[in-house]
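Residues per chain are reported as follows:
Protein chains: 2
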Amino acid sequence: MGEFGLIKRVTAGFVGVASTLLGPGDDAAVVAVPDGRVVATTDLLVENRHFRRDWSTANDIGHKAAARNFADIAAMGAVPTALLLGFATPGDVELDWVDGLMAGLREECGEVGAAIIGGDVTAADVITLGVTALGDLQGRDPITLTGARPGDVVALAGKVGWAAAGFAVLGRGFRSPVQVVSAHRRPEPPYAEGPRAAELGATSMTDVSDGLVADLGHIADASGVRINLSAELLTIPAKLREVGAALNVDPLVWVFTGGDDYALVASFPKKTVLPEGWTVIGAVAEGEGVRVDGRRWPAGGHEHFR
Amino acid sequence: MGEFGLIKRVTAGFVGVASTLLGPGDDAAVVAVPDGRVVATTDLLVENRHFRRDWSTANDIGHKAAARNFADIAAMGAVPTALLLGFATPGDVELDWVDGLMAGLREECGEVGAAIIGGDVTAADVITLGVTALGDLQGRDPITLTGARPGDVVALAGKVGWAAAGFAVLGRGFRSPVQVVSAHRRPEPPYAEGPRAAELGATSMTDVSDGLVADLGHIADASGVRINLSAELLTIPAKLREVGAALNVDPLVWVFTGGDDYALVASFPKKTVLPEGWTVIGAVAEGEGVRVDGRRWPAGGHEHFR
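As given, the protein sequences belong to chains A and B, one line each in that order. Sequential numbering of the first sequence, starting at 1, is according to my numbering. Sequential numbering of the second sequence, starting at 1, is according to my numbering.
Just so you know, not all the hints are guaranteed correct.
[What the hints assert, rightly or not] Per label pair, the in silico range of CB-to-CB distance:
id	chain 1	residue 1	chain 2	residue 2	range
1	B	146	A	238	32 to 38 Å
2	A	233	B	111	48 to 54 Å
3	A	111	B	151	44 to 50 Å
4	B	221	A	173	46 to 52 Å
5	B	9	A	296	25 to 31 Å
6	A	14	B	113	28 to 34 Å
7	A	241	B	139	55 to 61 Å
8	B	52	A	241	50 to 56 Å
9	B	96	A	175	41 to 47 Å
10	A	150	B	182	53 to 59 Å
11	B	146	A	298	36 to 42 Å
12	A	91	B	111	31 to 37 Å
[As the list claims (entries may be wrong)] Negatives, chain A to chain B, calculated, CB over 12 Å:
id	residue
13	88
14	231
15	253
16	291
Treat the hints as calculated values from the structure; they're not laboratory data. Virtual Cβ for every residue (Gly too), placed ideally from N, Cα, C.
Full structure from sequences and hints, please.
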């Protein structure tokens, strides 16, 4: 097929959005940024480390590759506008797989109103995706890791533990229950809650990609505070209890250390009236680190090098 | 060292520029875009396909990884402002190598006034770099591939053929002459000529990454024109003749098909007074494709999948 043939395949279904001033096919793309500030994040996903082709469809992998970057944009209080894809692949990749990947990326873009504006195709022994997402703050201040203050409440939007449970199920060779396996394959970050949290006055925010304790640890470190979580405020869903019982795993471990659901977690001034979709799970105090019911959580989030 | 240790190493030397509103360490970075439009491009570089650690130092590889993306930004008539790095590496990579890579990236950023605003570190069996560059049009219209018109002149800024000659030399096991080997290891794109060409009224522009004939072929296709090059307008430097004679290669092949020097080539209205730094090498006509002295060039640019 050749590089240029594959590029044509990859860019075939291009659909721009209002902000797409120049899409794929030129030296670079151009995106409208009426706010005067652009939010940018990038991720590398490597086959058999970040995804497995026997565990997830190409469509799932496309969805997830976009989702993890868009969740980072949402965690700043911004709205995703554009995605760039670096696609390295063995020359014998199946065309159907490429089409599925691109469809998944495009569909996830459609969820948030973003467009795939450009990319790069090259050869490699394993499939590697370099995904960059851009976002628009729409006049809001970015919500960083640094603003949590003692007295703030800590609240969560979205699911935690489901993707980790799905990963555990797949790792044992099972393919069900579908709810947890789907959560691993195709997370559904609560994108709209990012800008909403910013409008509510969130003092800090992040997405849960490494696990609740680990990611709140980044906020605690960056803000110079302690974050106290209360396990009883986190209802363990019946499905996770059920899967935990079947696999002989305490589901609290998935909830506190599981990444890849891309929930949003944020701190808010104490008197903030939080809307539906946000659940208070703890509070910010003087000190350092994260405590669950007053104790240090035994394990941190995952590190790829561990 | 672990992922977070490596991230600290990678972000240790962070230096922002005026447009860097939020640098590395958060969910995403924020860059000022006073123009209201951002230019974006991305590239994946895979060890032993795009670079070899035994042919180039880590510093060279960092320089080149940034340069190829900044050249794409310049080819739009824009000024690079920011770079994001996805860095996938085996866990046993030497710290000195990582430091050298980052120094090279930072130094090339310094050449153009950009900053490394963020990135991602992960594990892989081969070193893979996902580089994204952002740029600022500073009020100018982007110069695309589509605007070349019959009657325009075609002009070149920067070197062509030198990196290809260096690649040929290295491929034969030599390490000199230094001029061509350095051109391969550390190209020096004429960044400032991109915005300058835009101000001069360039009708189309691209950077020479795949070879002069191949890249002008993209302009010819996108603009729906023929591009006629004249070999006599392209002076073959004595050094390339010398290396060509030593390796028994016609240096014209390097000049017309060699990529990786990241020269800029553009079309301009016929009466444009081109400043020093730009050399007319041909003209735009009705028709399609690229001709060298009236004939189809035998070989196209390189394709990674060939």
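Right, here's what the structure says about each hint:
1. Between residue 146 (chain B) and residue 238 (chain A) the Cβ separation comes to about 57 Å, which falls outside the hinted range of 32 to 38 Å.
2. The hinted window of 48 to 54 Å between residue 233 (chain A) and residue 111 (chain B) holds, with their beta carbons roughly 52 Å apart.
3. Checked against the given bound of 44 to 50 Å, the beta carbons of residue 111 (chain A) and residue 151 (chain B), roughly 47 Å apart, stay inside it.
4. Roughly 50 Å separates the CB atoms of residue 221 (chain B) and residue 173 (chain A), a value that falls within the hinted 46 to 52 Å.
5. At roughly 26 Å, the beta carbons of residue 9 (chain B) and residue 296 (chain A) sit within the given window of 25 to 31 Å.
6. Taking the beta carbon of each, residue 14 (chain A) and residue 113 (chain B) are about 31 Å apart, inside 28 to 34 Å as hinted.
7. A beta carbon spacing of about 59 Å between residue 241 (chain A) and residue 139 (chain B) agrees with the range 55 to 61 Å that was offered as a hint.
8. At about 53 Å, the beta-carbon gap between residue 52 (chain B) and residue 241 (chain A) stays in the expected band of 50 to 56 Å.
9. Residue 96 (chain B) and residue 175 (chain A) have their C-beta atoms about 46 Å apart, which keeps the hinted 41 to 47 Å range intact.
10. In this structure, residue 150 (chain A) and residue 182 (chain B) meet the distance hint of 53 to 59 Å, their C-beta atoms being roughly 56 Å apart.
11. Our hint of 36 to 42 Å for residue 146 (chain B) and residue 298 (chain A) is violated, since their Cβ atoms are close to 59 Å apart.
12. For residue 91 (chain A) paired with residue 111 (chain B), a C-beta distance near 35 Å keeps the hint of 31 to 37 Å intact.
13. Against the 12 Å criterion, residue 88 (chain A) falls within the reach of chain B, whose nearest CB is about 5 Å from its own CB.
14. Look at residue 231 (chain A): its CB is around 25 Å from the nearest CB on chain B, clear of 12 Å, so calling it non-interface holds up.
15. For residue 253 (chain A), the requirement that its beta carbon stay farther than 12 Å from each beta carbon of chain B is met, with the minimum near 20 Å.
16. Consistency note on residue 291 (chain A): stated as away from chain B, and its beta-carbon is indeed over 12 Å from all of that chain's, at 20 Å minimum.
Hints 1, 11, 13 from the earlier list are contradicted by this structure; the remaining hints agree with it.
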